Amino acid sequence: MDGSAIILSLQLALVTLLVLLPLALVGARALARWPSRARPWVEGLLALPLVLPPTVIGYYLLVAMGGQSPLGQWFAALTGHTLAFSFTGLVVASVIFNIPFAVQPMQRAFEAIEPEVIEAAKCCGLSGWQSFARIELPLAWPGILSAAVMTFAHTLGEFGVVLMVGGNIPGETQTIAIAIYDRVQSFDHGAAGAMSLALLLISLATIAISYGLADRLLKARRA
Amino acid sequence: MSLNIEVRHAAPPLDFAVELPSGEITALVGPSGSGKTSLLRAVAGLLKPAQARIALAGVVWDDASRHLPTQRRPIGFVPQHYGLFPHLTALGNVETALLDQPATARRERARHFLEAAHVADCAERRPRQLSGGQKQRVALARAIAREPGLLLLDEPFSAVDRATRKSLYVELRQLHAKRPTTILLVTHDLDEAAQLASHLVLLDAGRVVQAGPTTTVLTCPTSIAATRLLDIPNLFAATCMGGQLHWGPHALRLAAPAAGASHFAVLPQNVLLVRPDRPLGSHLENLLDGRVCDVMQMGTEALVWIEPAGLPGTRVQMRLPLRALERYRVDADTVVRFSLRPSDIVPLAS
Chain A
66 MDGSAIILSL
76 QLALVTLLVL
86 LPLALVGARA
96 LARWPSRARP
106 WVEGLLALPL
116 VLPPTVIGYY
126 LLVAMGGQSP
136 LGQWFAALTG
146 HTLAFSFTGL
156 VVASVIFNIP
166 FAVQPMQRAF
176 EAIEPEVIEA
186 AKCCGLSGWQ
196 SFARIELPLA
206 WPGILSAAVM
216 TFAHTLGEFG
226 VVLMVGGNIP
236 GETQTIAIAI
246 YDRVQSFDHG
256 AAGAMSLALL
266 LISLATIAIS
276 YGLADRLLKA
286 RRA
Chain B
184 MSLNIEVRHA
194 APPLDFAVEL
204 PSGEITALVG
214 PSGSGKTSLL
224 RAVAGLLKPA
234 QARIALAGVV
244 WDDASRHLPT
254 QRRPIGFVPQ
264 HYGLFPHLTA
274 LGNVETALLD
284 QPATARRERA
294 RHFLEAAHVA
304 DCAERRPRQL
314 SGGQKQRVAL
324 ARAIAREPGL
334 LLLDEPFSAV
344 DRATRKSLYV
354 ELRQLHAKRP
364 TTILLVTHDL
374 DEAAQLASHL
384 VLLDAGRVVQ
394 AGPTTTVLTC
404 PTSIAATRLL
414 DIPNLFAATC
424 MGGQLHWGPH
434 ALRLAAPAAG
444 ASHFAVLPQN
454 VLLVRPDRPL
464 GSHLENLLDG
474 RVCDVMQMGT
484 EALVWIEPAG
494 LPGTRVQMRL
504 PLRALERYRV
514 DADTVVRFSL
524 RPSDIVPLAS
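Sequence order for the protein chains is A and B. Count the first sequence with the numbering used here and you get residues 66 to 288, in order. Count the second sequence with the numbering used here and you get residues 184 to 533, in order.
The hints are simulated quantities; they were obtained by calculation from the structure and are not laboratory data. On a predicted model such as this, the values are computed, not experimentally measured, just so you know. Quick reminder that beta carbons are idealized off the backbone N, C-alpha and C, glycines included. Please note: incorrect hints may appear among the correct ones.
Residues from chain B that keep clear of chain A, each with C-beta distances beyond 10 angstroms, as calculated [said to hold, decoys possible]: (1) Ala200; (2) Pro204; (3) Asp246; (4) Glu298; (5) Arg309; (6) Gln317; (7) Lys361.
Covered by chain A, per the in silico footprint, the following chain B stretches (three or more residues, Cβ under 8 angstroms) [unchecked claim]: (8) 263-269; (9) 280-290.
Throw the hints in and build the complete structure from the sequences for me.
Here you go:
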């Protein structure tokens, strides 16, 4: 059992969550109210990670982060090391492949708010920010919670993109999913089994706690 | 202090210009799809028309160069389904309209307005725990809490039962008597408009058909379109000659000359039954004979349809109190005499 892989996975999931959630929140709210004809295309683009094989996304990200690309060169000049095969590179990849998991539940939650309610907030003199903070955010929280849980759990379990972009560097890019694969390849079934069980329990606990929390909050609201 | 509205818009089509009296309740009446709600939304700033000039008491909210955001318009708005904030209590809903006030004063004021709207006992309930009438009252309390210069009500009574609606009418009138705010009420119900509003604007396909004091509009339509919108059944084609209206074989005297009239209207309650056993009063003119086609009792009154002599296929509707129906023994196929007083005949041009 490799504790550092578990810690790295949890770190990656947490950083991804902290970076992605605020961006996705703003994006989801904007998408929910965007009347443009271009909307299905933007939604489609954001949903691509759901349908494309992780290797395809991983490949494009690897090319984009590599030393030949402007992004890769800029990052290397700035930090002295490449973006690919680094923890930062993993975070960037993780944020991108989690976009649909974060955006979609929040977008649906914002869309579910009656337009009449938003208009009533305007007619009550609420500014855009006041309406967001006092009306929309509390109404959309089940979607926000769901987005956070999905992003966190999905990052913990992601394999293909992480392997393509991060490789398999222990302590730097070897997440728990990669470590399990690595152990199986070297016929260390004991360690692979223990880590699989740990990942299973962590994922189950994350989802169960968030469902329980959602349930309690819903009950409190209904009381 | 009046509200001036001039709005032109393509979809939905609106071509509307009207001045609403200050401190009065004005009802905007028209069929579904006539643009009533769009107009209300334009006044609230929720819809930005292609062209608009909207001003309250001389303060311009909308014109070619200006569009005051909804948040900054001194309005209270009760939308059709109330638009209550579902996660907040009734008190929280009203407090949200008072965010510009110090937090300490907010709660007290919110309670005051819930009391004014007769829902103080629902203060801690959330919208889903309220009945239709209670929701409506909370929405009204929230709308008046900002003490707006203009209160906009969009079919506010359409989702409550009849008994609740009646008491809400009374409460709204009482509230308005205490605080005479300018109110613009959208409704498709003429009876509701008649009971609540002192002024009426008839709207069809985004255009003003007629506007004026309620009693004038209800009894004196100025056009065929207004007559139809007012649901006046007695609308007939006639020709105007020599100061008289020629209707089939009948020549009807008018109260005033009406050159160019091609139709006329008479309210059913103004068609008077003449008793054959009584001497004719001088007030009864334009006497016509006819045959009763149909009688229908509706509550405390009856609707009677008469086919005037010499006008086969034409039906004049008359309204009679039930006791008059019994006294005069009006039945199908009875021959009766009725009068259309000159002052009750409304001549109309095409």
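Okay, the hints, checked on the actual structure:
no. : hint    : result
1   : Ala200  : holds (24 angstroms)
2   : Pro204  : holds (23 angstroms)
3   : Asp246  : holds (20 angstroms)
4   : Glu298  : holds (19 angstroms)
5   : Arg309  : violated (8 angstroms)
6   : Gln317  : holds (16 angstroms)
7   : Lys361  : holds (22 angstroms)
8   : 263-269 : holds (count 7)
9   : 280-290 : holds (count 3)
Hint compliance for this structure: hint 5 alone is broken.
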